[in-house]
Amino acid sequence: MPPTRGLRQPGAAGPGATAGTRWISFTTDYGQADGFVAQCHGVIARLAPAARVIDVTHLVPPADVRRGAAVLAQAVPHLPAGVHLAVVDPGVGTTRRGVALAAPGGLLVGPDNGLLLDAAAALGGVTAAVELTNPEWLPARVSGTFHGRDVFAPVAARLAAGAPLAGAGPAVDPETLVRLPQPVVRPEPAGFTAEVLTVDHFGNVQLAAPATLLEPLPGRLRVAGRDAARGRTFGDVPAGALVVHADSAGLVAVAVNGGRAADLLGVAPGDPLRINSDTGVASTVECWPGG
77 MPPTRGLRQP
87 GAAGPGATAG
97 TRWISFTTDY
107 GQADGFVAQC
117 HGVIARLAPA
127 ARVIDVTHLV
137 PPADVRRGAA
147 VLAQAVPHLP
157 AGVHLAVVDP
167 GVGTTRRGVA
177 LAAPGGLLVG
187 PDNGLLLDAA
197 AALGGVTAAV
207 ELTNPEWLPA
217 RVSGTFHGRD
227 VFAPVAARLA
237 AGAPLAGAGP
247 AVDPETLVRL
257 PQPVVRPEPA
267 GFTAEVLTVD
277 HFGNVQLAAP
287 ATLLEPLPGR
297 LRVAGRDAAR
307 GRTFGDVPAG
317 ALVVHADSAG
327 LVAVAVNGGR
337 AADLLGVAPG
347 DPLRINSDTG
357 VASTVECWPG
367 G
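Under the numbering used here, the first residue of the sequence shown carries the number 77, and numbering increases by one thereafter.
Since the hints were made in silico from the structure, they are not lab data.
Backbone N, C-alpha and C fix where the C-beta goes; we use that ideal spot for every residue, glycine too.
Some clues are possibly wrong.
As the list claims (entries may be wrong) - DEER-style ranges, computed between Cβ atoms:
| no. | residue 1 | residue 2 | range |
| --- | --- | --- | --- |
| 1 | S219 | F278 | 32 to 38 Å |
| 2 | R98 | S219 | 24 to 30 Å |
| 3 | S324 | G118 | 30 to 36 Å |
| 4 | R128 | G201 | 39 to 45 Å |
| 5 | R128 | F278 | 27 to 33 Å |
| 6 | D131 | R217 | 32 to 38 Å |
| 7 | V218 | A197 | 49 to 55 Å |
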């Protein structure tokens, strides 16, 4: 088989190269039923055989960039310093850019669709950004629908092996990077209304609100018209009861002891949820202004 451009083992890193990190985290919406994840692993293994890959998840809901961004941002502070490869890319093959970002705590590689920026903030903020256009870093034929394998994985592997960020392509002004709309958090006299950020495997409802908003609230609360208690963990309420607590990411979360809060409350990511003190005033899910 003739050699394929872009799949040769990277040579010695030149001036300005990062130290070879040997760690790559990998987050996608590819699922587990197909060979997509394995193909990306194969590209990484060919270009950076010493790299170790941590699969964060490949079960982000398809094309759910906000969910992918939240998962990535909450994971990266607890991962080894390295390259964070993330692909949730409904715009693959369009004019959206592929980018690599530098932050004090690591490098990030993926589509320029808002997926990477919360994670970059968690790693200290973007200090440099490049567009992934260097043909020498890519295979001769790039699929129009699988940039995870043909663009992002090769770049992540080369960076993990010590190649310089500038080698991936021209510099990008960080201010031009695509940002997701900020989730709404609205403080109120007796509590707050906040957007559901994620619903996890257990049905726990994570809000976009920082846990500090719980500090002035009493022990008895109302959530979507239902009685709830403020607690530290699930077992602080009886089985089947709602508990509002600070989760492991420092955000407000609503859970049911032994149950699924998302099902009980009938909410999904993007829905607003009001939490306020048990003052006899009904607490309901409502639309945002103009929604």
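Worksheet entry | Assessment of proposed distance window 49 to 55 Å (beta carbons of V218, A197) | 30 Å, violated
Discussion item. Just to be sure I understand the hint, the distance between the Cβ atoms of S324 and G118 should be within 30 to 36 Å; is that true here?
Written reply: Once the Cβ atoms are compared, 33 Å apart, the range 30 to 36 Å for G118 and S324 holds.
Worksheet item: Taking the beta carbons of D131 and R217, is their distance inside 32 to 38 Å?
Response: 26 Å, violated
Worksheet item: R128 and F278, beta-carbon distance inside 27 to 33 Å?
Response: 28 Å, holds
Worksheet item: Between S219 and F278, is the Cβ distance one that fits in 32 to 38 Å?
Response: 36 Å, holds
Worksheet item: Is it true that R98 and S219 lie within 24 to 30 Å of each other by Cβ?
Response: 27 Å, holds
Practice prompt. Could you see if the CB distance from R128 to G201 stays within 39 to 45 Å?
Written response: Distance hint for R128, G201 is violated at roughly 26 Å.
When held up to the earlier numbered hints, the structure conflicts with 4, 6 and 7 and fits the remainder.
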